[in-house]
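Asker: So the chains spell out like this:
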Amino acid sequence: MNHLRVLAARVRELFGGARLERDLSDELQTHLDYLTDEHVRRGLSRDEARRAAYRDLGGLEQTREMVRDRRGLPFLETLGRDIRFGTRLLAKTPGFTAAAVCTLALGIGANAAIFSVVDAVLFQSLPYPDPHQLVSIWEVSQKGGDRIAVAPANYVDYVRRADAFSSLGAYARAGVNLTGDGTPERVPIEEVTASYFATLGVMPMIGGPFQPEDNQEAGSRRVILTHALWQRRFGGEASVLDRTILLDGRPYRVAGVMPPEFRAASDAGAIEPVGALVPVFFEPSVLANRQEHLIEVIGRVRPGVPVDAARANLAAVSDGLAREFPDAATVRASLAPLGAEQVKSVRELLVLLLAAVGLVLLIACANVASLVVARSMSRQREMAVRFALGATRRRVMSELITQSLLLSAAGAGVGLALAYWTKHVLVSLAPASFPYIQRASLDLRVLGFAAVLTVVTGLLFGLFPAWQISRTRPVEALRTSDRSSVGTWAMRNRTALMAIEVALSTLLLVGAGLMLRSFMAVNAVPLGFDPTSVLATNVVLPPQRYATPQAKLDFYEALATRVATIPGVRGVTYSNRLPLRGNWTSGFAFENAAPEPGAAYVPTGVQPSAGFQAVSPDYFAVFKIPLLRGRLLASADRTGAPGVAVVNAAFVRAFFKEANPLGQRLRRGQKMPSIEIVGVVADIRRGGRTSEIEPQLYLPAAQIELYPLSLSDLAIRVDGDGRSYGDAVRAAIWAIDPNQPVTNVRTLEEVLALRLAERRFQTFLFALFAVLALALAVVGVYSVVDYSVRQRTAEIGLRIALGADSPGILRWLIGQSFWTVSAGALAGLAGAYWLSRFVRSLLFGIEPTDAVTYLGAAVVLAAAALLASYLAARRAIRVDPVAALR
Amino acid sequence: MGDRTDVLQGTLALMILKTLETMGPQHGYGIARRIEQVSGDALRMNQGTLYPALVKLEQQGWIKTKWGVSDQNRRARFYSLTPRGARQLASEAERWGRVSAIVGRFLEPQP
Numbered sequence: 001m002n003h004l005r006v007l008a009a010r011v012r013e014l015f016g017g018a019r020l021e022r023d024l025s026d027e028l029q030t031h032l033d034y035l036t037d038e039h040v041r042r043g044l045s046r047d048e049a050r051r052a053a054y055r056d057l058g059g060l061e062q063t064r065e066m067v068r069d070r071r072g073l074p075f076l077e078t079l080g081r082d083i084r085f086g087t088r089l090l091a092k093t094p095g096f097t098a099a100a101v102c103t104l105a106l107g108i109g110a111n112a113a114i115f116s117v118v119d120a121v122l123f124q125s126l127p128y129p130d131p132h133q134l135v136s137i138w139e140v141s142q143k144g145g146d147r148i149a150v151a152p153a154n155y156v157d158y159v160r161r162a163d164a165f166s167s168l169g170a171y172a173r174a175g176v177n178l179t180g181d182g183t184p185e186r187v188p189i190e191e192v193t194a195s196y197f198a199t200l201g202v203m204p205m206i207g208g209p210f211q212p213e214d215n216q217e218a219g220s221r222r223v224i225l226t227h228a229l230w231q232r233r234f235g236g237e238a239s240v241l242d243r244t245i246l247l248d249g250r251p252y253r254v255a256g257v258m259p260p261e262f263r264a265a266s267d268a269g270a271i272e273p274v275g276a277l278v279p280v281f282f283e284p285s286v287l288a289n290r291q292e293h294l295i296e297v298i299g300r301v302r303p304g305v306p307v308d309a310a311r312a313n314l315a316a317v318s319d320g321l322a323r324e325f326p327d328a329a330t331v332r333a334s335l336a337p338l339g340a341e342q343v344k345s346v347r348e349l350l351v352l353l354l355a356a357v358g359l360v361l362l363i364a365c366a367n368v369a370s371l372v373v374a375r376s377m378s379r380q381r382e383m384a385v386r387f388a389l390g391a392t393r394r395r396v397m398s399e400l401i402t403q404s405l406l407l408s409a410a411g412a413g414v415g416l417a418l419a420y421w422t423k424h425v426l427v428s429l430a431p432a433s434f435p436y437i438q439r440a441s442l443d444l445r446v447l448g449f450a451a452v453l454t455v456v457t458g459l460l461f462g463l464f465p466a467w468q469i470s471r472t473r474p475v476e477a478l479r480t481s482d483r484s485s486v487g488t489w490a491m492r493n494r495t496a497l498m499a500i501e502v503a504l505s506t507l508l509l510v511g512a513g514l515m516l517r518s519f520m521a522v523n524a525v526p527l528g529f530d531p532t533s534v535l536a537t538n539v540v541l542p543p544q545r546y547a548t549p550q551a552k553l554d555f556y557e558a559l560a561t562r563v564a565t566i567p568g569v570r571g572v573t574y575s576n577r578l579p580l581r582g583n584w585t586s587g588f589a590f591e592n593a594a595p596e597p598g599a600a601y602v603p604t605g606v607q608p609s610a611g612f613q614a615v616s617p618d619y620f621a622v623f624k625i626p627l628l629r630g631r632l633l634a635s636a637d638r639t640g641a642p643g644v645a646v647v648n649a650a651f652v653r654a655f656f657k658e659a660n661p662l663g664q665r666l667r668r669g670q671k672m673p674s675i676e677i678v679g680v681v682a683d684i685r686r687g688g689r690t691s692e693i694e695p696q697l698y699l700p701a702a703q704i705e706l707y708p709l710s711l712s713d714l715a716i717r718v719d720g721d722g723r724s725y726g727d728a729v730r731a732a733i734w735a736i737d738p739n740q741p742v743t744n745v746r747t748l749e750e751v752l753a754l755r756l757a758e759r760r761f762q763t764f765l766f767a768l769f770a771v772l773a774l775a776l777a778v779v780g781v782y783s784v785v786d787y788s789v790r791q792r793t794a795e796i797g798l799r800i801a802l803g804a805d806s807p808g809i810l811r812w813l814i815g816q817s818f819w820t821v822s823a824g825a826l827a828g829l830a831g832a833y834w835l836s837r838f839v840r841s842l843l844f845g846i847e848p849t850d851a852v853t854y855l856g857a858a859v860v861l862a863a864a865a866l867l868a869s870y871l872a873a874r875r876a877i878r879v880d881p882v883a884a885l886r
Numbered sequence: 001m002g003d004r005t006d007v008l009q010g011t012l013a014l015m016i017l018k019t020l021e022t023m024g025p026q027h028g029y030g031i032a033r034r035i036e037q038v039s040g041d042a043l044r045m046n047q048g049t050l051y052p053a054l055v056k057l058e059q060q061g062w063i064k065t066k067w068g069v070s071d072q073n074r075r076a077r078f079y080s081l082t083p084r085g086a087r088q089l090a091s092e093a094e095r096w097g098r099v100s101a102i103v104g105r106f107l108e109p110q111p
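Residue numbers (the working numbering), protein chains in the order written: chain A, 1 to 886; chain B, 1 to 111.
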């Protein structure tokens, strides 16, 4: 109670400053007058009495100081004074201040920018209510292997039996053609269960969710639009409810519109967001077969149930199903928190980026600490005088640290401006599939992070020099007019800091080098086909309008004829799966089960499987895939003619070794038509440069009875830039069918670039940080050598006077920094050798201990450091010995 | 010197309050004089230490100040006891009496 009163009184006194001081002066004056009178009465002279009065009081200034300390909030006032003093001091040395602030701004800005991304992607919760209750559920083969989708038959039993969940929902991502009212377009959709909404905890803002009966029949034609599609396509009008729209040519009644903040479960990591939701329907045949793995499942764990308990519950249910149903025995279900699952693919990259950018900040700190050390040397005598006058060590240290914090705060201010801009660049550079990166913003959390960073940074680079200087012994410092001992102290510390900077930069250089070498390794992988000047597009024909494979074939044949007439088009091909657009793998059996020795080799016990792809005859010409043996597919290979196929070299290696595959026959199933191998073509990397080469069959697109997968892709080889042909291709398609959407109109080079987007992003960022680190290290080395030259002007003058030539002086100075740089670089290489294991998953084609990278990093660093030393040392040879020694 | 000030700080407040109670409103010099006289000039203090103590008492609301003119026609700042200060003095004096009695008994020659 009384403490509060005192505090209030002290706070009031904060505002009484000048008046309180005046009152105190007057009061003490009166007191001195009384004392003087008293001494005069005792017989002292006026002057002696005055002196005695001062003595009795115990010093006027001391008394004032004691009262001041008692008044107001001395801590605040001291701080204010230190800040004002520090600001004036920093303003007096604009060069030092600018260098320190810029360095810190780079460090803090880069950290704030990366943190805003990390926070958005890894730390912020899912955009659903009670996100910690949400889990992702998958099935995994008992034989070991990748996660697979969940079988609807199992899902139904999970819903019935797993009681750890308040709700389970299922969805499957798909695409539909949206037609009518404007340009036809391909829209990603999710087929969902009615429980999807309750599980995610989201409801339509207009209309209502699906009902269980929507999932009960094949013909429930209801659709819920996302906010974005509703705005874009339907002008955001509420009257859209109950309207009928055409999806794949079938009428669907609009049952609702999702709110703008809704994100579909499959949107994280997807390039294009879902535009609409439709009810999923499980065919009775699907529900009868537990090996049809078709759907993704999400669950909401009951409140209070830990995720581990839910996992155990699900595992128990899964084990029970395996015992009851033989066809469920091969898989088990498992789960993990949905939030972590959605960002799993980028977590490692982000953590590494945060570490890298943290290193940049450490280097910046070392740089600034080095500057501060140099500066504190010049204040040595000032400190000595202050200590002699009775300043306490604590007082001096807190003043020095206040100055450091001022610097780091200024750095943070500039850095945040930098971060604002950097964040935009980051988000725009990030691959479209980077989950949640669009959420990144400089919000309060990022500001808080920057504030913490500011304090930590200020202490990191300020504490050590402040502690060192506060140990100044006044007597010695004042006695020795010569500064050399202090200079040695500063030089030793700066040299150590330089070694640290070099070591940290080496780490980052090695990291960036590994990324860069991986990137180059990926780009050096031969594709096997020529992606230049090829434009590809998806033309997915809706089953309603093109019910039969023949109808689809007719469309594509007509389209190919039409597109071939576009000036500049060299070749046209169509397919059910073009390279870089997925594959379809099927099992098959060779017809001659007991082949001649060496032929049709199949590892025992394994059903052979290969990629199957239906292509038009010009496919090999358009992609420039060379023929190795036999013949290519011809336009005569149509329905009615014998089934034929061309295989790739990998197919021959896998199944025939050295034997001749031509003339061998195979079938995809017992009742399927027989296919004869008529040719062998070279291998290509269908999935892009990082993909494996797999056995592959090419079937004639015109033999529609050989393949079940619809034709859907068109590719043309053109003169010049493929992108300029997009409009002509669209026009050709719409001339045949104005309701047909055309999607993914991209050159193969663009597709390849998209494939590499994530790798390019990570390589770019690591390279950026490495360059930043290198620049900071070079500046550090330069300033240390420069400092040493200034310190040793006399010594250098002496050497020159004694006959040392310029190259000798340069060698001597550079040699000194060379050992420091070497030691730092070696430490950095050793650290990199140990740490590089953590980046292994981000590399391609090289080991984390890649010698070329380490050597390259060392060479780049040494060259840069020597150059910096040379530039700084050059000043030394201009020293005039006479002036220096005088 | 530090030690002596500390000892004083503890008791100085009590002495100031008692002085003001006995003598009525006083300026700083008067209080200092009075404390020295009462102690029989045994207590020679740095009179400056009086002022931080006065500031503290004022912050605690036990004394209040007012500018006035002294007997020698000097402009001086007069300190006087507030009712709260009077209560504080009473309880402090009583506590001090108890403590000094206890300490005194300890220091008496034991039978």
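Hints in this document: simulated from the structure, not taken from any laboratory. It cannot be assumed that every hint is accurate.
[Claimed, not checked] Partial chain A-side listing against chain B, Cβ under 7 Å, derived:
#, residue
1, 5
2, 9
3, 27
4, 58
5, 61
6, 63
7, 67
8, 875
If you're wondering where the values come from, they're calculated on a predicted model, not measured in any experiment. Every residue, glycine too, gets a C-beta built ideally from N, C-alpha and C.
Asker: Holds or violated: is there a CB of chain B closer than 7 Å to the CB of residue 63 of chain A?
Answerer: 3 Å, holds
Asker: Next item in the hint list is residue 58 of chain A. Is there a CB on chain B closer than 7 Å to its CB?
Answerer: At about 3 Å, which falls below the 7 Å cut-off, the nearest Cβ of chain B leaves the hint on residue 58 of chain A intact, so it holds.
Asker: Holds or violated: the hint that residue 61 of chain A contacts chain B, with Cβ atoms closer than 7 Å.
Answerer: 10 Å, violated
Asker: Measuring from the C-beta of residue 27 of chain A to each C-beta in chain B, is the shortest one below 7 Å?
Answerer: 5 Å, holds
Asker: Per the CB criterion, is residue 5 of chain A less than 7 Å away from chain B?
Answerer: Since the shortest Cβ distance to chain B is 6 Å, the answer is holds.
Asker: Take the shortest C-beta to C-beta distance between residue 875 of chain A and chain B; is it under 7 Å?
Answerer: 53 Å, violated
Asker: Under 7 Å is the threshold here; is the Cβ of residue 67 of chain A close enough to any Cβ of chain B for the hint to stand?
Answerer: 5 Å, holds
Asker: Is the interface hint for residue 9 of chain A satisfied, with its Cβ closer than 7 Å to some Cβ of chain B?
Answerer: Cβ of residue 9 of chain A sits 4 Å from chain B, so the hint holds.
Comparing the model with each numbered hint stated earlier shows that hints 5 and 8 do not hold.
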